[in-house]
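Please arrange chains C, L and R on chain Y, whose structure you already have, making use of the hints.
Spelled out from the first residue to the last, the chains are:
Number of protein chains: 4
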Amino acid sequence: MIINGVQIDDTFAEAFDMRSTRVIITAQNHQWAYHAANAMTGFATSVIGCGVEAGIERELSASDTPDGRPGVSILMFAMGSKVLMKQLETRMGQCILTCPTAAAFSGIESDDQISLGKNLRYFGDGYQISKLIPDAQGKNQRYWRIPVMDGEFLTQETTGMVRAIGGGNFLVLATSQPQALAACEVAIEAMKKIPNVIMPFPGGVVRSGSKVGSKYPSMFASTNDAFCPTLKGMVNSELSDDIESVMEIVIDGLTFDDIALATKVGIETACSLGVKGGVKRISAGNYGGKLGPHHFKLHEVLA
Amino acid sequence: MIINGVQIDDTFAEAFDMRSTRVIITAQNHQWAYHAANAMTGFATSVIGCGVEAGIERELSASDTPDGRPGVSILMFAMGSKVLMKQLETRMGQCILTCPTAAAFSGIESDDQISLGKNLRYFGDGYQISKLIPDAQGKNQRYWRIPVMDGEFLTQETTGMVRAIGGGNFLVLATSQPQALAACEVAIEAMKKIPNVIMPFPGGVVRSGSKVGSKYPSMFASTNDAFCPTLKGMVNSELSDDIESVMEIVIDGLTFDDIALATKVGIETACSLGVKGGVKRISAGNYGGKLGPHHFKLHEVLA
Amino acid sequence: MIINGVQIDDTFAEAFDMRSTRVIITAQNHQWAYHAANAMTGFATSVIGCGVEAGIERELSASDTPDGRPGVSILMFAMGSKVLMKQLETRMGQCILTCPTAAAFSGIESDDQISLGKNLRYFGDGYQISKLIPDAQGKNQRYWRIPVMDGEFLTQETTGMVRAIGGGNFLVLATSQPQALAACEVAIEAMKKIPNVIMPFPGGVVRSGSKVGSKYPSMFASTNDAFCPTLKGMVNSELSDDIESVMEIVIDGLTFDDIALATKVGIETACSLGVKGGVKRISAGNYGGKLGPHHFKLHEVLA
Amino acid sequence: MIINGVQIDDTFAEAFDMRSTRVIITAQNHQWAYHAANAMTGFATSVIGCGVEAGIERELSASDTPDGRPGVSILMFAMGSKVLMKQLETRMGQCILTCPTAAAFSGIESDDQISLGKNLRYFGDGYQISKLIPDAQGKNQRYWRIPVMDGEFLTQETTGMVRAIGGGNFLVLATSQPQALAACEVAIEAMKKIPNVIMPFPGGVVRSGSKVGSKYPSMFASTNDAFCPTLKGMVNSELSDDIESVMEIVIDGLTFDDIALATKVGIETACSLGVKGGVKRISAGNYGGKLGPHHFKLHEVLA
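Residue numbers (the numbering used here), protein chains in the order written: chain Y, 40 to 342; chain C, 40 to 342; chain L, 40 to 342; chain R, 40 to 342.
So here's chain Y without its partners, still in its complex pose (with noise of 0.2 angstroms):
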């Protein structure tokens, strides 16, 4: 398969199951929306190290959040439920508690329902006050009013949790860093229009992709030297002699189909920079379809 001149692999990304959450952070403004998603989002980048993946999903028009303010959504992804119950409570109350002007909703629904304000409430040494207010089907819903230095601080008191789908990804393949950067930086910006995916890396983009194993007995991953261009000659190298950067996007989504389109939209975008741009072939990542039981199979995802 060939899109614009770029070789497209015949083989698939392996994904994994996760738990997931969405919140829908308000603030005076957009600016200030962003500086608490931004910190309650940040130093998210994998599982493994941070605890949990999570991103920006998308910006709110005042007429589309529950204060009619202006927002963004969020949506946070971890292993199992408890890391995710965990991590959105510490992240809320570092974050979100913390942020000027900022209000926090449920974003998602789910007969799954995780603490949202429901232990920062506390906060308010007993003068926090609760509000319920019945939702668009009629069902009620708490909300919590802290007080705080700045007014008072929003929070519904839960927000859904739900199943979802961690580890769709795809790899760009160029012939120079420069290049490989373009093509990622454009697949990114298409992709975040995307709702219900985020792609959790830095930029969007992570370049040190690894492997199951190393040398060292201590460590379970190491740098994936099949395509690292710098290893062409001394290892069993996935690389032809012109590709001299790759870089990976990686995708967590609600669902399959939502990170399916995620793929196909970013790897359209990659590869409309084209040959003449310097991206040659675009593959993904998995582990022999052993470990994750998702596969998106990129000649599908494409069709």
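All the given hints hold, so there is nothing to weed out.
FRET-style restraints, in silico, Cβ to Cβ:
1) L:124 - R:181: 40 to 46 angstroms
2) L:276 - R:171: 26 to 32 angstroms
3) R:70 - C:181: 38 to 44 angstroms
To spell it out: a stretch of chain Y is covered by chain C in this simulated footprint if at least three of its residues, at any positions, have a beta carbon under 8 angstroms from a beta carbon of chain C; those stretches are:
4) 184-192
5) 212-223
6) 281-291
I should point out that these hints are in silico values taken from the structure, not numbers from a laboratory.
Even glycine gets a Cβ: it sits at the ideal position worked out from N, Cα and C.
Frame of chain Y; chains C, L and R shown alone:
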């Protein structure tokens, strides 16, 4: 003391001994240096909940960085050296090793050297290369070139760790929330130009100031009710009738003088909006002077 | 009429017939699409002094543009067709022809077609190539590929010109300058999501509202003293004692309904800060209804 | 001469005498100073089509501006003094007088003083107030306080006009468009730190370099075909086979040394991407040395 009609309380900020380090992050362009730095300094608002307090100190011109590429410098603060070292390693691995085109360098000299890339090098699975390059003083510095997919991850082996101070602060008391926010915004803009300091909260500002103790036995801190405008009638309030919003700027810095200067610049800039802009009074937070050894007396700092 | 405690004057905005066009600008990534668009829509705040009023209407996803690359759409308004055509050509030549990786496409259909790249093609010195590509309706559209140093400048030959409306407006009256600014900021954020409109002044807001006439014979307009807070004691003021700052948002749009919607969204969002946030009253500017044929009655628009 | 593998042509840039002025724009915060400055310096890419070339020189800390508020400095260049004076007045009236919270100050000293707010004061309809404030040298400077809706528009009466130079330049020749763009991006980032210069084209870069003359009698300039990569086979090309994209950075500055420094910094930074990043050669544009009195020999500038 009055500045531009704004009353300056005769009080002091009480700050603590901390350990700090500086890292210089470079990338192909500033945009990607910021992606790496934002990931690394996110979720780092307070040592209590995040382990570290971190932020971007300033932008660096390509001519001012060790590898002649655009960059930023970041500062990290923790209560003890072990926590700092652990957090630095983890955040380096999660946010800089991963970020396309990023490189990392020592940002501060010290007899106390801590690992920057020292352990990350093993990610290279034996293919990493070490380089010794003499610095400006003629002393050999060790760098690691770690093969990754986008090319190489270049990192200095260690960076310095120094004694520093955290918890400098001042409070802005205003007649409405938008006015408090506007005053703090310009204060932060000005303080960002001061070297050797960071303001770790979201957007540099915190609205959830706390007091020691709580009616709930398990909580050791709770909302600072004396400064909560919605509790004016209900508690022993510090606030006059006209104060409707209070926000706080917390400052961590390398030395007492750095924090004093940032405090002065911040307060003077907040006061530039004046009483006309709704800014009535500036105060500061302390524990009676009994917990932290560093006291920033507002009237002395502003003299 | 009161919204969130804010008084809405029973008055109307008086707007004028104008001509308008839309251009879609694409580039390698959004950042460069914005560079081109910002240059093209700069110095275009008022037809009186700049010849045109122009602004960025919205960002376009790569999948939503004619060439599948990231882009933005811009709108330009002028009093007459000749001025619009001349300004469009000049600004295209100075800001889009010049901008690395930029391409330009028609953004609006009309029986009235005006030159987009039609005359610019001669810059190709005879080497320009024409392409006819049928559009979605099967009608042939002509594009020009003009050889330039970065590759080729691709531009559609013409774009549509339509009748439109300019000068919709509302005024925000607040108890201090920072509060007026905060209210207008969030209003503009919300209005930017409305298609078919632009707010041409810097940041979308104007503070130098004028009245017809002046004590100086050569000047046909001067400061709107009835709305100047520092002249409250000296003139026949429209302002109550507590109003210390007034700002105005001017709206140009393709149809009456577009401007009405933007006005409604803008006022409602400004009012969300409420009396607590210093917003006391909303008004609008008109000439007694004698000059402009389009009247936006605030109470009707907000109904 | 080779820098990082990149060939530096032994040629020179040919630049012209111009007149210039600097204006300092302050506002409540940097965001609004930028709104005013972007409007004022938009549509100012080339004196031929826009009348002036203008750009933001740098950001100013609140402590570095005349009124102690955040600001930016802008530079404007024109071929003659009359054009400069007229453009400055018009752009001041359209973009600074109009912008909420903006103030304007002289940014450069000169025996030649031109109107900044001198004529704008009449907008105050007789209510404007003049203030004389001695500057650091003890010389009285006149300021005008003009009543407007948001409060007052404070502007200095005049600013200085100086002889300057426009048209310094260098060309970046690369093996693909994304690589040329990446190299120019980092060059511009570095050049923005150099005082006294601006790069007036969109994003600071121009791709439509021209030559004198055209096959069309009415056009005095046309595409620089010798540097157009799609014309390599058809004209007397300056480009080797591997060059697929050329971009140019034009520099206007106050003195020869300012432009020489910016040229040096820009070229060195573009070359930092190196041959590996697709940058093969640096050149410059001139008219044989016959038109412009200022010659920037690349090999001398880079020595």
